[in-house]
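Asker: Taken in order, these protein sequences are the chains called A and B. Our numbering applies: residue 10 is where the first sequence begins, and numbers increase by one. Our numbering applies: residue 10 is where the second sequence begins, and numbers increase by one.
Hints in this document: simulated from the structure, not taken from any laboratory. Misleading hints may appear alongside valid ones.
If chains are identical, the list can't say which one is meant, so a pair holds when it fits in one copy or spans any two.
Claimed, not checked - Taking lysine-lysine pairs in the DSS-like style, the calculated list, with each CA pair at most 25 Å apart, reads:
(1) Lys90 to Lys422
(2) Lys447 to Lys402
(3) Lys229 to Lys280
(4) Lys72 to Lys57
(5) Lys147 to Lys60
(6) Lys426 to Lys372
Protein chains: 2
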Amino acid sequence: MYLSKLFIPILKENPSEAKIKSHQLMLRSGMIKQSSTGIYSWLPLGFKIMKKIEQIVRLEQNKIGAQELLMPTIQSAEIWKESGRYDDYGEEMLRITDRQGKEMLYGPTNEELITEIFRSSIKSYKSLPQLLYHIQWKFRDELRPRFGVMRCKEFFMKDAYSFDLTDEEAKKSYNKMFFAYLNTFKRLGLTAIPMAADTGPIGGDLSHEFIILAETGESKIYSDKKIIDVDISKYTTKDDSINELRKKYDSYYAVTDDKFNKENFEKNVKKENQLITKGIEVGHIFYFGDKYSKPLKCSVDLQDGKKVDVKMGSYGIGVSRLVGAIIEAKFNNNIMKWPTSVAPFDVVIIPSLQKNDRSNYTKSEKIYNHLKENDIDVLFDDTGENLSSKFKKFDLIGIPFQIIIGSKSTDDKFEFKEIDKKSETLSIEEIKNKILNKRNSN
Amino acid sequence: MYLSKLFIPILKENPSEAKIKSHQLMLRSGMIKQSSTGIYSWLPLGFKIMKKIEQIVRLEQNKIGAQELLMPTIQSAEIWKESGRYDDYGEEMLRITDRQGKEMLYGPTNEELITEIFRSSIKSYKSLPQLLYHIQWKFRDELRPRFGVMRCKEFFMKDAYSFDLTDEEAKKSYNKMFFAYLNTFKRLGLTAIPMAADTGPIGGDLSHEFIILAETGESKIYSDKKIIDVDISKYTTKDDSINELRKKYDSYYAVTDDKFNKENFEKNVKKENQLITKGIEVGHIFYFGDKYSKPLKCSVDLQDGKKVDVKMGSYGIGVSRLVGAIIEAKFNNNIMKWPTSVAPFDVVIIPSLQKNDRSNYTKSEKIYNHLKENDIDVLFDDTGENLSSKFKKFDLIGIPFQIIIGSKSTDDKFEFKEIDKKSETLSIEEIKNKILNKRNSN
Numbered sequence: 010m011y012l013s014k015l016f017i018p019i020l021k022e023n024p025s026e027a028k029i030k031s032h033q034l035m036l037r038s039g040m041i042k043q044s045s046t047g048i049y050s051w052l053p054l055g056f057k058i059m060k061k062i063e064q065i066v067r068l069e070q071n072k073i074g075a076q077e078l079l080m081p082t083i084q085s086a087e088i089w090k091e092s093g094r095y096d097d098y099g100e101e102m103l104r105i106t107d108r109q110g111k112e113m114l115y116g117p118t119n120e121e122l123i124t125e126i127f128r129s130s131i132k133s134y135k136s137l138p139q140l141l142y143h144i145q146w147k148f149r150d151e152l153r154p155r156f157g158v159m160r161c162k163e164f165f166m167k168d169a170y171s172f173d174l175t176d177e178e179a180k181k182s183y184n185k186m187f188f189a190y191l192n193t194f195k196r197l198g199l200t201a202i203p204m205a206a207d208t209g210p211i212g213g214d215l216s217h218e219f220i221i222l223a224e225t226g227e228s229k230i231y232s233d234k235k236i237i238d239v240d241i242s243k244y245t246t247k248d249d250s251i252n253e254l255r256k257k258y259d260s261y262y263a264v265t266d267d268k269f270n271k272e273n274f275e276k277n278v279k280k281e282n283q284l285i286t287k288g289i290e291v292g293h294i295f296y297f298g299d300k301y302s303k304p305l306k307c308s309v310d311l312q313d314g315k316k317v318d319v320k321m322g323s324y325g326i327g328v329s330r331l332v333g334a335i336i337e338a339k340f341n342n343n344i345m346k347w348p349t350s351v352a353p354f355d356v357v358i359i360p361s362l363q364k365n366d367r368s369n370y371t372k373s374e375k376i377y378n379h380l381k382e383n384d385i386d387v388l389f390d391d392t393g394e395n396l397s398s399k400f401k402k403f404d405l406i407g408i409p410f411q412i413i414i415g416s417k418s419t420d421d422k423f424e425f426k427e428i429d430k431k432s433e434t435l436s437i438e439e440i441k442n443k444i445l446n447k448r449n450s451n
Numbered sequence: 010m011y012l013s014k015l016f017i018p019i020l021k022e023n024p025s026e027a028k029i030k031s032h033q034l035m036l037r038s039g040m041i042k043q044s045s046t047g048i049y050s051w052l053p054l055g056f057k058i059m060k061k062i063e064q065i066v067r068l069e070q071n072k073i074g075a076q077e078l079l080m081p082t083i084q085s086a087e088i089w090k091e092s093g094r095y096d097d098y099g100e101e102m103l104r105i106t107d108r109q110g111k112e113m114l115y116g117p118t119n120e121e122l123i124t125e126i127f128r129s130s131i132k133s134y135k136s137l138p139q140l141l142y143h144i145q146w147k148f149r150d151e152l153r154p155r156f157g158v159m160r161c162k163e164f165f166m167k168d169a170y171s172f173d174l175t176d177e178e179a180k181k182s183y184n185k186m187f188f189a190y191l192n193t194f195k196r197l198g199l200t201a202i203p204m205a206a207d208t209g210p211i212g213g214d215l216s217h218e219f220i221i222l223a224e225t226g227e228s229k230i231y232s233d234k235k236i237i238d239v240d241i242s243k244y245t246t247k248d249d250s251i252n253e254l255r256k257k258y259d260s261y262y263a264v265t266d267d268k269f270n271k272e273n274f275e276k277n278v279k280k281e282n283q284l285i286t287k288g289i290e291v292g293h294i295f296y297f298g299d300k301y302s303k304p305l306k307c308s309v310d311l312q313d314g315k316k317v318d319v320k321m322g323s324y325g326i327g328v329s330r331l332v333g334a335i336i337e338a339k340f341n342n343n344i345m346k347w348p349t350s351v352a353p354f355d356v357v358i359i360p361s362l363q364k365n366d367r368s369n370y371t372k373s374e375k376i377y378n379h380l381k382e383n384d385i386d387v388l389f390d391d392t393g394e395n396l397s398s399k400f401k402k403f404d405l406i407g408i409p410f411q412i413i414i415g416s417k418s419t420d421d422k423f424e425f426k427e428i429d430k431k432s433e434t435l436s437i438e439e440i441k442n443k444i445l446n447k448r449n450s451n
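The shape of chain A in the complex, shown without the other chains (with noise of 0.2 Å):
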């Protein structure tokens, strides 16, 4: 892509609306663009890394065996009254009365609705365990909304649903998704960590927030330090495997405000290893057992005919969030490096132009080609600017990899820099290569 065809508009000034880094960043890199109060569109460059994301996500998904599926953003009252929670939910809930009169609703959640088709479904306990999950825009219609897409009114959404016949096999599908939720954080280089956390409106008795830690995050946590130094490589999703690991992270105290209890940190954490800090909520998982199952009766048949209600468990992950997210973890200093994982480009070509010197442009025309012929997406910055604006410019649209053909280049050795680290000078091959074995690394 050159850079003069890209759509992306770049704001000199932070908008004086942005209070937090990755509001700030979004908004200057062209990234999103505020349509209402809370609502985004986003434009080509946080468009293509929100899809990174969210293939990410969809890929760990599919690793653990969930299925996907859609359902629909608007949804029936109706299911919502079965189960309860139309009148529970509050003002958030975005209500709309549709022009026959009827009761509609944005869904800001899903449990209601999976559940509604599971039981038109599975009739036996055969075909058990289940693991269904979708991404899908919700709404919630915040009084407040603020910190850009950190806590927006429409926001995308990886919502996972599993279905059990006991509460034993139920924590192995709870397990399942606890593991998947760690390899896809680290995926898109992030250090979540697992803390035990309240159930809220979603119910239930068991439940853990993946945090990374953010000094401005809006989640307070407290925990022992050497929870960080887990390491998730050594496990498999074999059930054996997953148990140790769960049992792993449970020996360290790891809990958010509303578990906090002083007198248990102070007698399990070592004083030079309390953690007391803020995080931001990437990730929330739940098992509440019947919650659902039982008033909308979602039962199964077993093998001696009599019915059980199915037991659930539910598993959020903040897909518009974790841009917001992973900007906050990585743009230091003002400077941002986007994780090669979910770069909007793999490489990008910042040359020195002159307007009566075409060599650079036709050297870089020659790398970018050569790079796209061995798939890689290079961005090439064809505009008039000066090298510094460049710079500067690329300092928050955080592409990791550089190549500036600036004094530095000669005809075939570039320089060639990755984001925090000291430049080098390399060949096209060198450069081609560097950047294909980092990729693959991923």
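Please build the complex by placing chain B on the supplied structure of chain A, with the hints as guidance.
Answerer: Okay, now just chain B, sitting in the frame of chain A:
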């Protein structure tokens, strides 16, 4: 995927509410489930097919240089008041009042919002032309939703928008989309005919509908038969080449009902070539100049400092509707055959399984693993149903290739059948190559 694990609630009988064959097939083969009147959930089988269609639509948009972004589903009423369509649009627009009493709506289309994005981002004529698109859920509060996903309330649509400096340039953008649409439908295995059409509520003076011939269609069409034989493979994305293609199409009479003129039809089309039939609209493109840019004050600066309103067009493809349209075109004599480009699986293994004899199961599993290793997406019917029930089921599911492990298969040669064709006895290598060849030719 093992069929016993797949979430695919198959119905034995045609549901009484389904009047046309696509609606019947989609319900019976567990592709969709109605969640409320005119609103559907997409179950794994249907979802997978829709996603493949979406991806083909996307790739053909990218090929002509269109850039993808994503606008939200919920819009503010304000910009619709600016354009004057808020009052015009009628009851099909789902109008919403949020908790703060603000007038919102679920977007039925996005001319206003994209114009708003454009006008606040692009200031200079130098940034033109621009082609922007998104693939997003839309809502039309149909009074009488019917025919399943063909005329429902919540639907998935690709809508693109072009921005140009002059009428002449804008026609080039229009032609590019015209060409992309023909290529898209061809890759989907469809013969779509571009027909001059009325512009309706979108406005403008140039418009084509892309129509698939089908007796169940809602659009009446009048055409010269010979238009079906136009071969698009000879043309390229170059302006001149597309222009020639446009001329070629324009040389044949082909219009929808609104544009029909009996005298012209009889004068221009030989008796034996007169085609009067019905069709399904799968795409619609519009050129409307400054219809939206003028009221919304969407202008760019010219070199001499003057401002000029940009010239716009819009271009829609009904992605969810296409799932139904393909079925209407390909489901004949109670047998469905998905085009390989969008088939839910590349191939299905259908073994005859006996309780006391594991040999066919083992044989099937071996084939399954071998195909999987070769990146072939294969479904294995591991259920205990008898062969004739299995065949009936796969007549509905419509996977284009079948490997039948029954009396005609030996230890290393297997019955291989492409739907509609005679079966052959082939080795696993021959089968693999056949499938890969077919897939690569898409």
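Asker: Would you mind marking each hint as holding or not holding in the structure?
Answerer: Each hint tested on the structure:
no.	hint	in the structure
1	Lys90 to Lys422	neither (68 Å within a copy, 57 Å between copies)
2	Lys447 to Lys402	within (23 Å within a copy, 46 Å between copies)
3	Lys229 to Lys280	within (18 Å within a copy, 79 Å between copies)
4	Lys72 to Lys57	both (23 Å within a copy, 16 Å between copies)
5	Lys147 to Lys60	both (16 Å within a copy, 19 Å between copies)
6	Lys426 to Lys372	within (17 Å within a copy, 54 Å between copies)
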